[in-house]
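Each chain, written out:
There are 4 protein chains.
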Amino acid sequence: MFIRFITTGGTIDKIYFDDLSQFEVGESQVQHILAEGLAAFDFDVVPLMHKDSLQVTDEDRRLLHDFIEKDDATHFIITHGTDTMPLTAEALMDLDGKTIVFTGALTPARFKATDAMFNVGMAVAAVQVAKPGVYIAMSGQVFEAGAVRKNRAENRFEAIDRN
Amino acid sequence: MFIRFITTGGTIDKIYFDDLSQFEVGESQVQHILAEGLAAFDFDVVPLMHKDSLQVTDEDRRLLHDFIEKDDATHFIITHGTDTMPLTAEALMDLDGKTIVFTGALTPARFKATDAMFNVGMAVAAVQVAKPGVYIAMSGQVFEAGAVRKNRAENRFEAIDRN
Amino acid sequence: MFIRFITTGGTIDKIYFDDLSQFEVGESQVQHILAEGLAAFDFDVVPLMHKDSLQVTDEDRRLLHDFIEKDDATHFIITHGTDTMPLTAEALMDLDGKTIVFTGALTPARFKATDAMFNVGMAVAAVQVAKPGVYIAMSGQVFEAGAVRKNRAENRFEAIDRN
Amino acid sequence: MFIRFITTGGTIDKIYFDDLSQFEVGESQVQHILAEGLAAFDFDVVPLMHKDSLQVTDEDRRLLHDFIEKDDATHFIITHGTDTMPLTAEALMDLDGKTIVFTGALTPARFKATDAMFNVGMAVAAVQVAKPGVYIAMSGQVFEAGAVRKNRAENRFEAIDRN
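Chains as they are written, first to last, in this note's numbering: chain U, 180 to 342; chain Z, 180 to 342; chain R, 180 to 342; chain A, 180 to 342.
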């Protein structure tokens with residue numbers, strides 16, 4: 180099995196710069212997480228963007244869409260900021276024959292207490308087991324794209340009905 | 180979704196007792212891992228045994244088998260020592276209509292660097308996405324019971340052919 | 180031995196708020212650090228301010244000065260933001276018969292990799308061993324107030340000559 | 180300032196070997212702790228022994244004594260198992276002109292929750308600030324050699340009277 184990780188930024192990769200007293204998107208933590216998880220499969224990591232979720236544009240979504248469409252790989256995990264993750268996931272729903280799982284974190288991976296490692300673990304299992312399609316692995320659940328939103332007040336992802 | 184966690188002991192739950200200079204199976208770490216993973220689904224945790232993998236007997240496997248068979252729940256995650264995890268998984272393969280995922284850790288969950296959180300994340304996704312059956316989520320992969328072994332020399336799980 | 184901890188904010192206590200994508204001073208981490216350090220002495224913690232180092236005013240320094248002056252305690256550890264820590268330390272140099280150690284962190288205590296626990300350990304030892312005076316425990320060193328600065332380019336504290 | 184670290188084993192450096200389901204003394208964690216603590220002073224680390232505290236013999240104590248006596252360095256931090264740390268400290272009390280601080284941990288440094296980093300921080304401050312002599316930095320306190328014991332029932336170090 181081969182999994183292509185695409186990183187786009189977001190909370191999961193944030194670091195703290197003391198001299199600025201602020202927090203910015205840093206290098207991807209995916210490799211560290213896979214190493215600590217003792218993951219034994221083939222993968223690579225493509226750092227496509229370094230953006231906060233709210234800065235991701237439709238142009239960026241097209242870029243991501245085209246990158247995956249042209250890629251020979253069939254299994255993708257995309258790390259992404261949480262606020263617009265559902266929107267970016269929907270933008271890939273027309274892609275056929277690809278299993279794509281989005282994940283990220285509500286607390287940066289560099290924190291002692293973080294959901295990052297758990298979430299990447301979920302994504303790694305989901306991308307192997309699910310049939311082709313676009314998914315979001317957050318809040319301990321695997322959602323289908325188009326049927327999930329972030330509940331900001333509760334700070335979690337939840338299923339929605341779109342009848 | 181409701182997931183029943185059954186804990187049986189193993190490396191994942193080990194703690195260190197300084198006065199004895201030794202390591203024993205402690206309280207289950209599953210709740211801590213789910214809390215840190217910000218998991219938002221219904222679950223409970225049944226601490227069925229506190230055993231090292233090599234101490235698990237066929238009697239114990241029957242106990243586990245009967246517990247699951249009589250349980251109304253349909254989705255189970257079982258934390259288990261790694262050495263005999265494949266054996267215990269095989270002992271449950273005749274159960275119908277249940278999705279059962281085994282996981283554990285090669286390094287205790289209480290360590291700074293541990294595969295425990297990643298593995299439980301994998302198991303949580305696998306049990307939701309996979310069709311009924313028995314699986315092992317370790318080493319970054321989701322294996323079917325009966326087709327996986329622990330490679331002790333390499334300290335990882337790997338698929339086997341059983342033609 | 181009794182040690183009074185006074186917390187004033189700064190990087191050591193920072194937390195991350197995902198919904199704002201920003202970092203703010205949170206509850207003091209001193210109690211958690213002392214618990215993890217298995218510290219067995221009498222202490223209490225007074226949360227006097229919640230400020231970034233650059234927001235600490237001369238008015239705040241007077242408040243801190245007067246608080247310590249009137250306090251019966253003789254041993255103080257003050258957690259403080261790093262940028263103006265030397266300045267606040269100097270403002271207390273006229274206090275007699277008190278041993279006062281400033282410390283803080285260049286990376287928040289809630290991070291996996293942080294100097295917070297090490298620094299508080301240093302401060303706890305320094306306040307017990309040093310003769311009355313005002314000190315800064317940072318960068319693996321115990322400096323006397325008035326003879327130390329933060330080297331922002333190198334992100335560390337260093338001794339200065341003031342001949 | 181130059182500090183010579185001498186490591187002798189003990190809980191602080193223990194690691195877990197899954198294949199043996201047991202815990203052994205591993206490589207010294209001192210360098211990692213100093214790096215995480217952002218310590219900016221000159222030091223080196225001499226791994227003199229890899230022993231559990233109860234295995235340290237009088238012969239080992241003579242070896243340690245002679246090593247320090249012949250060494251040009253004047254400031255030493257010795258990591259040591261906790262059970263016989265007071266005994267080894269006493270064996271060095273006749274050394275003149277050296278400041279020697281013992282420390283260690285009640286929980287291995289590789290654990291998420293460990294007193295190791297706090298204790299090494301204490302030792303680093305104590306060795307700089309204290310006058311020549313032999314000390315133990317444990318349980319949030321700096322004790323003089325000959326006036327401290329480990330209370331095994333309470334799992335902490337405490338002062339003793341030897342009138």
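Among these hints, one or two may not hold up.
To be verified - Here are the computed lysine-lysine pairs in the PhoX-like style, where the Cα-Cα straight-line distance is at most 20 Å:
no. : chain 1 : residue 1 : chain 2 : residue 2
1   : A       : K277      : A       : K249
2   : U       : K230      : U       : K277
3   : A       : K230      : A       : K277
4   : A       : K310      : R       : K291
5   : U       : K291      : Z       : K277
6   : Z       : K291      : Z       : K249
7   : R       : K277      : R       : K249
8   : U       : K249      : U       : K277
9   : R       : K291      : U       : K291
10  : R       : K310      : Z       : K291
11  : Z       : K291      : A       : K249
12  : U       : K291      : A       : K277
13  : A       : K291      : R       : K310
14  : R       : K277      : R       : K310
15  : Z       : K291      : U       : K310
16  : Z       : K230      : Z       : K277
Hints were generated in silico from the structure; no laboratory data involved.
The hints, checked one at a time:
1. A:K277 with A:K249: 11 Å, holds
2. U:K230 with U:K277: Not satisfied, since the Cα-Cα distance of roughly 24 Å exceeds 20 Å.
3. A:K230 with A:K277: Roughly 24 Å between the alpha carbons, so the hint for A:K230 and A:K277 is violated.
4. A:K310 with R:K291: 34 Å, violated
5. U:K291 with Z:K277: Violated, at roughly 35 Å.
6. Z:K291 with Z:K249: Violated, at roughly 38 Å.
7. R:K277 with R:K249: Distance ~11 Å between R:K277 and R:K249 Cα, so the pair holds.
8. U:K249 with U:K277: Holds, at roughly 11 Å.
9. R:K291 with U:K291: Cα-Cα ~4 Å, so holds.
10. R:K310 with Z:K291: The hint is violated at about 37 Å.
11. Z:K291 with A:K249: 38 Å, violated
12. U:K291 with A:K277: 38 Å, violated
13. A:K291 with R:K310: 34 Å, violated
14. R:K277 with R:K310: Since the Cα atoms of R:K277 and R:K310 sit roughly 9 Å apart, the hinted pair holds (cutoff 20 Å).
15. Z:K291 with U:K310: Not OK: Z:K291 and U:K310 at ~34 Å, beyond 20 Å, violated.
16. Z:K230 with Z:K277: With Cα atoms ~24 Å apart, Z:K230 and Z:K277 exceed 20 Å; violated.
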